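Residue numbers (our numbering), protein chains in the order written: chain S, 1 to 161; chain W, 162 to 410.
By construction, these hints were calculated from the structure, which means they are not laboratory data.
There could be a bad hint or two in this list.
[Claimed, not checked] Simulated pairs of lysine-lysine, BS3-like, Cα-Cα distance not exceeding 30 angstroms:
1) S/132 to W/323
2) W/309 to S/101
3) S/145 to W/236
4) S/58 to W/209
5) S/58 to W/323
6) W/309 to S/98
7) W/269 to W/309
8) W/269 to S/145
9) S/101 to W/236
These numbers were taken from a predicted model, which means no experiment stands behind them.
In case you want the letters, here they are:
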Amino acid sequence: MNDMSPTDIVGDYQEHTLELYKHGTRKVYVTDIETPFPEGKLIVSVVDLDGNITHANKAFVEMSGYQENELIGELQSILRHPDMPKAAYADLWQKMAKGEKWHGYVKNLRKDGGFYWVYASIVPNVRNGEIKGYTSVRRKPSREKVEEHIELYKGMKNEEV
Amino acid sequence: MKKYNITVSPDFKPDKIAGWYIFNTYLQQAADISLHLNLYDGFEQQRKAIADGQVDLIYANPFDAAMLVNEYNFKPLVKPAGANDECVVVTSADSAFTSIDDLVAGTKIAATDDPAINMIGMRMLEPANLNEDNTETDVVVSFIAVAKQIMDGKAQVGFILKEAFDGFSNMVKSRLKVLVVSEIDVIYHGLMAAPSLHERAEELSNTLMAMNTEPKGKAVLEGLGFNAWEVMDDEDAAFMIDLMETLRS
Numbered sequence: 001m002n003d004m005s006p007t008d009i010v011g012d013y014q015e016h017t018l019e020l021y022k023h024g025t026r027k028v029y030v031t032d033i034e035t036p037f038p039e040g041k042l043i044v045s046v047v048d049l050d051g052n053i054t055h056a057n058k059a060f061v062e063m064s065g066y067q068e069n070e071l072i073g074e075l076q077s078i079l080r081h082p083d084m085p086k087a088a089y090a091d092l093w094q095k096m097a098k099g100e101k102w103h104g105y106v107k108n109l110r111k112d113g114g115f116y117w118v119y120a121s122i123v124p125n126v127r128n129g130e131i132k133g134y135t136s137v138r139r140k141p142s143r144e145k146v147e148e149h150i151e152l153y154k155g156m157k158n159e160e161v
Numbered sequence: 162m163k164k165y166n167i168t169v170s171p172d173f174k175p176d177k178i179a180g181w182y183i184f185n186t187y188l189q190q191a192a193d194i195s196l197h198l199n200l201y202d203g204f205e206q207q208r209k210a211i212a213d214g215q216v217d218l219i220y221a222n223p224f225d226a227a228m229l230v231n232e233y234n235f236k237p238l239v240k241p242a243g244a245n246d247e248c249v250v251v252t253s254a255d256s257a258f259t260s261i262d263d264l265v266a267g268t269k270i271a272a273t274d275d276p277a278i279n280m281i282g283m284r285m286l287e288p289a290n291l292n293e294d295n296t297e298t299d300v301v302v303s304f305i306a307v308a309k310q311i312m313d314g315k316a317q318v319g320f321i322l323k324e325a326f327d328g329f330s331n332m333v334k335s336r337l338k339v340l341v342v343s344e345i346d347v348i349y350h351g352l353m354a355a356p357s358l359h360e361r362a363e364e365l366s367n368t369l370m371a372m373n374t375e376p377k378g379k380a381v382l383e384g385l386g387f388n389a390w391e392v393m394d395d396e397d398a399a400f401m402i403d404l405m406e407t408l409r410s
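Construct the entire structure; sequences and hints are all you get.
This is the structure we're talking about:
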């Protein structure tokens, strides 16, 4: 996956290098600017078995800061924020491999370096008995849960070092 | 001629009852099929009829789509064009609440027994950390009864189908305050056929899709509150079922 471009970033930023499972590394630039979750909406995407985005609804496109054509075919980890601990994704992929539903609080990265928090639910798309991909739906999280997860993930990140 | 049973999700608006009877008559003539319209008072009665094999064609609530497709092998045929199921979460116009975030545990909710609207409504309360366990729900018979509960101060918030809310009088609307309106776009009712009608599914879909192209069909659609039917294929239904699954908890 391509590195982020510093010219797309809005505001002061910090540089990080992400290690993406099976997909090498990605240089990202992050700011402290949070975008609030749009009231009443759901952010919806579908990925194939390799994690490539095959469908993104309007709210997904708007919140990501990318154009739709920059997202379709790209890895879902284009939204991966360096504050997210690896263990959170390990749990997700374990559940997915077993064909189970996953829920979790996620800090997503925008194209402009900003971020937004979501409560995500992911289900396998079973068609004729086979898993063909995954549907991910993100809802507005409560602020209390977000604050809890900021601390939780900080601790998990420290343990990674 | 074999007689088939058609039914409609019990959350249809009362002023559309005549419209569904007229639709039933129209479809029998247009598709040369014998249909008997059975309307059920509630979702449980309707689900029992489905389980007993007494439903061949159903205008189904999105909440029941997974059960119909996965357990009873119903096939989606059509959905009303542009008519999504969205939920308006309201409070009283003179309430101190100005957003969902203001709500607290113990909130009393007024709702109907519409399972899709209730599920969407509960998900809209999550930003205030509210769920089925720390709220109390009063189930009433209609969306206007939900509004009345709010106006009478018997509940703090109410879940109302957007289409029903839009049809309320200005007097009723003026006594309610909207906290949030869902904009999900991909949850909708749909007409589905039981295996007993699978061999006629394509023919029925074609008849339904052509309704808005001739005056009589157009008038029947108007009686149901739609402009046209749109194709609802297996993948449309599967996508909606997956999405509903993510909202179940």
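Here's how the hints hold up against the structure:
1. Annotation: proposed proximity of residue 132 of chain S to residue 323 of chain W is violated, straight-line Cα distance about 33 angstroms (limit 30 angstroms).
2. Pair hint residue 309 of chain W plus residue 101 of chain S does not hold up; C-alpha atoms about 38 angstroms apart against a cutoff of 30 angstroms.
3. Between the alpha carbons of residue 145 of chain S and residue 236 of chain W the distance comes to roughly 40 angstroms, so the proposed pair goes past 30 angstroms and is violated.
4. As the CA atoms of residue 58 of chain S and residue 209 of chain W are separated by approximately 38 angstroms, the hinted pair breaks the 30 angstroms bound.
5. Of the pairs offered as hints, the one joining residue 58 of chain S and residue 323 of chain W holds, with about 20 angstroms between alpha carbons and a cut-off of 30 angstroms not exceeded.
6. Taken as a hint, the residue 309 of chain W and residue 98 of chain S pair is broken in the structure, with Cα atoms around 47 angstroms apart against an allowance of 30 angstroms.
7. For a cut-off of 30 angstroms, the pair hint linking residue 269 of chain W to residue 309 of chain W stands: about 14 angstroms separates their Cα positions.
8. About 22 angstroms separates the Cα atoms of residue 269 of chain W and residue 145 of chain S, which keeps this hinted pair within 30 angstroms; it holds.
9. Of the pairs offered as hints, the one joining residue 101 of chain S and residue 236 of chain W holds, with about 25 angstroms between alpha carbons and a cut-off of 30 angstroms not exceeded.
The structure fails to meet hints 1, 2, 3, 4 and 6 from the earlier list, while all remaining hints are met.
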